[in-house]
Each structure stands twice: as structure tokens, then as C-alpha cells.
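A.B. asks: Sequence:
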Amino acid sequence: MVQYLHLEFHICRLGADEEDNLFRSINSYRTSLNLTTLRENDKAKCLADEMADQFKNQPCTNTTGANTVPGTEPQFSDYPNLLSKCKLNVTTTRDAVIMPACVPNLVPDLVLSNYTMSQYSNSLNDTKFTGVGIGSDDNWIVVILTTNNLEGSFTPDNSSANILFQLGLISHAVFLLMAFLLLQ
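In this text, residue positions in the sequence shown follow our numbering: the first is 86, and each later residue adds one.
Be careful, since some hints might not be right.
Unchecked claim - Calculated lysine to aspartate or glutamate pairs in the DMTMM-like style (CA-CA distance at most 25 Å, straight line):
(1) 213 to 223
(2) 170 to 236
(3) 213 to 125
(4) 170 to 138
Said to hold, decoys possible - Here are the in silico distance ranges between beta carbons for each label pair:
(5) 241 to 118: 28 to 34 Å
(6) 166 to 143: 16 to 22 Å
(7) 235 to 102: 27 to 33 Å
(8) 202 to 176: 16 to 22 Å
(9) 204 to 142: 21 to 27 Å
No lab work stands behind these hints: they were computed from the structure. Computed from a predicted structure; not experimentally measured. C-beta atoms are modelled at their ideal positions from N, C-alpha and C, and glycine is treated no differently.
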């Protein structure tokens, strides 16, 4: 099975960038396990791109990416800002899985094995995941798996609560502007 994936990966690699290549290779891997293929999720890709950008200045070590001991992953204090950049909120990303990997020069065979032959394979083999977003920057590549349920779908934040919050901010800004003009 590994040889089949290896050959498939090289066929996909011709003319494709790292992210598209990994997407096709992950779907080939899932197909070989009789699992459904993953659909591309634009919002998850946006977040994966933002996260890869955050990782890019971290060196590859034996304790980063797929080698990280679960629970010791880097925490992002600006995670809410990353979600906001992609027009997401925590409630629609809760059931997703974020899987960063650091591979010098993003060597395709090593990138794939970082996902299929590591702790990440459990998530790749899970039938609850139906979508994927992939982003990369420098030596880092981030795969985000999404679900079909609301808590992991990565649907845009168009909730009435968010709209009301935004309207509240606008009304406060207008009030402050009016108060400033009146005091002049």
C-alpha cells in the first residue's frame, strides 16, 4: 500500500504546488482505505494559510509538527484574530482538527508521511471529517480537517449575534463621532 501511495504522489506532483499535491495525495490515501474523499473548504484553507504564516518563523525540530506530543502544541494567543481574518468564529471550528507539520523544503514524500504515518493518521482515517483546508509557508504546512456538523463546518460567521455585535460597534462609533463633533 505504501508503494502505491508513493507512486501516486509522484504522479500528482507534476506541475502542482505543495498544497494541491498534498490534497490529492491525502484523498488517494483515504480512497485506499475505502474512506470518502475530502472536499476543499475555502474557510479552512484561509485559516490554514494564516496559521502557516504564524508558524513560518519557528524552526523545525523533533518536537514540532507531527512529532509534537499531544497537548504541547504551540498556543496562539491571536487565534481569535486569525479566525476573524477568515470570517470565522470558534463555534463553527470547534470540532475541526488542526495539524501543522514542519518539513524542510516541503519535500513531497516527507510531507505526506508526516500526515499518514504519524499521530495525524488517526484524524485522516476518521470518517467524521469531510472537508480539508491546506496552507503552507516556508517549511511549514498546515492541514485542517472539517466536519459536516455546525461545530466543525467552518461556515462563515453570519450569525445574528455577530451581526448585532457589529451593528453595536458601528452605533458606538457613530455616537462617539457625534459627541466629538458636538464638543468642538
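A.B. asks: All hints, please: hold or fail.
C.D. replies: Status of each hint after checking the structure:
1. 213 to 223: Since the Cα atoms of residue 213 and residue 223 sit roughly 30 Å apart, the hinted pair is violated (cutoff 25 Å).
2. 170 to 236: The hint holds at about 19 Å.
3. 213 to 125: Answer holds: residue 213 to residue 125 is near 15 Å, not above 25 Å.
4. 170 to 138: With Cα atoms ~13 Å apart, residue 170 and residue 138 stay inside 25 Å; holds.
5. 241 to 118: 28 to 34 Å: With a Cβ separation near 31 Å, residue 241 and residue 118 satisfy 28 to 34 Å, so the hint holds.
6. 166 to 143: 16 to 22 Å: 18 Å, holds
7. 235 to 102: 27 to 33 Å: This hint holds: roughly 31 Å between Cβ atoms.
8. 202 to 176: 16 to 22 Å: 33 Å, violated
9. 204 to 142: 21 to 27 Å: 24 Å, holds
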